[in-house]
Amino acid sequence: MPSYADEDRKIEQLHPHFYSVIIPTYNERLNIALICYLLFKHMKDYKFEVIVVDDASPDGTQDTVKKLQGIYGEDRILLRPRAAKLGLGTAYVHGLKYASGDYVVIMDADLSHHPKYLPSFIRKQLETNADIVTGTRYVKGGGVHGWDLRRKLTSRGANVLAHTLLWPRVSDLTGSFRLYRKDVLQEVVQTCVSKGYVFQMELIVRATRMGCRIEEVPITFVDRVYGTSKLGGTEIVQYLKGLLWLFFTT
Amino acid sequence: MKQVWKIGTIFTAVVGIWISLLLTPGLPPSLQLIVPYFPMYALASLGCYGLGALGYGMMVFRVCPEEADLLQKDITEAKTFFKEHGVDLSSD
Ligand SMILES: Nc1nc2c(ncn2[C@@H]2O[C@H](COP(=O)(O)OP(=O)(O)O)[C@@H](O)[C@H]2O)c(=O)[nH]1
Ligand SMILES: [Mg+2]
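As you go down the protein sequences, you meet chains A and B in turn.
For the first sequence, position 117 (counting from the first letter as 1) is numbered 117 according to full-length UniProt numbering, and the numbering increases by one without interruption.
For the second sequence, position 85 (counting from the first letter as 1) is numbered 85 according to full-length UniProt numbering, and the numbering increases by one without interruption.
Calculated directly from the structure, the hints in this document are not laboratory data.
Heads up, a few of these hints could be off.
Which residues of chain A face chain B? A partial, calculated answer using Cβ under 10 Å [said to hold, decoys possible]: (1) GLY73; (2) GLU74; (3) LEU165; (4) THR174; (5) VAL222; (6) PHE247.
Backbone N, C-alpha and C fix where the C-beta goes; we use that ideal spot for every residue, glycine too.
Put together the whole structure using the sequences plus the hints.
Here it is in structure tokens:
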């Protein structure tokens, strides 16, 4: 049996990059464990670390993360909590501060973003030397499960509006399952000001305008099984405002 | 160039062409009849495009129940793993 060091060296030769997987969590006690298991299963050929940014979840998410650290190691799973629920956009920035990888993956904890797709993100990045590889539900091979008609209509309508107004070069603007070159993400994220859903769109639109090379890979999106989505009723209004804001500022 | 200027420029150019058509003397009568209504046609086309794109998007929208089943299997697998490693994940 090859020693760990041998294994590491082999991986290093095959896959030269180090991936920091940033996962923001709020009340994802069960999901964070499941996703870590799946990450370690599907990313075993790559060098990576997981950075969990938990916003003081009352459900004990951080206790689960500590147990996970016991299994996988504190150097593989980093817990970088914050004292209060401060929102998603800033959670990424916070996690990014601790990322040691040259590439960063951002994904949700709720299993809507399945780690099994990460190898295809990485392959795409290596093939095309892209700055950003973004997962898309709206091309061949992609798809969604668990949305009702209203949610489908909203999502497609939002996409049509955004494409008409902003001419982005990606098919899925609001998806947040992405792989970034770290320096690119650091640069783009500084120019972004919006919160919530608009943040994902702003990030990719500003990256497009900066001339970043963006590639897409198909993903399937299964709506969360455990826990509740934090999507509120005011999101649509916020989205429309955000769209206009981007129309005037990018 | 900001997106608003890009689209604004295209819009201004189109309006410019329309006005110059309106002001062109000696257009064939058939054209003279329809030119004043161009903005209405444009608006209608825009609406059709929007509805069409939405309809097309809904048509090709792929649902993937099989992925949900696969995920359930993954979840079971993960839970077994954690049980073996003595991590209690029971909800509530
Ligand atoms: N750190 C942090 N994570 C959050 C916050 N809000 C949501 N999340 C996490 O962000 C991800 C996406 O949230 P979710 O509620 O599933 O949004 P949806 O999928 O768009 O409905 C999940 O992993 C959440 O746990 C927040 O305020 N802070
Ligand atoms: Mg979700």
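Outcome of the hint check:
1. GLY73: violated (13 Å)
2. GLU74: Cβ of GLU74 of chain A sits 15 Å from chain B, so the hint is violated.
3. LEU165: Holds, because the Cβ-Cβ distance from LEU165 of chain A to chain B comes to roughly 7 Å (cut-off 10 Å).
4. THR174: Because about 13 Å separates THR174 of chain A from the closest Cβ in chain B, which is outside the 10 Å limit, the hint is violated.
5. VAL222: holds (5 Å)
6. PHE247: This interface hint holds because 5 Å falls under the 10 Å limit.
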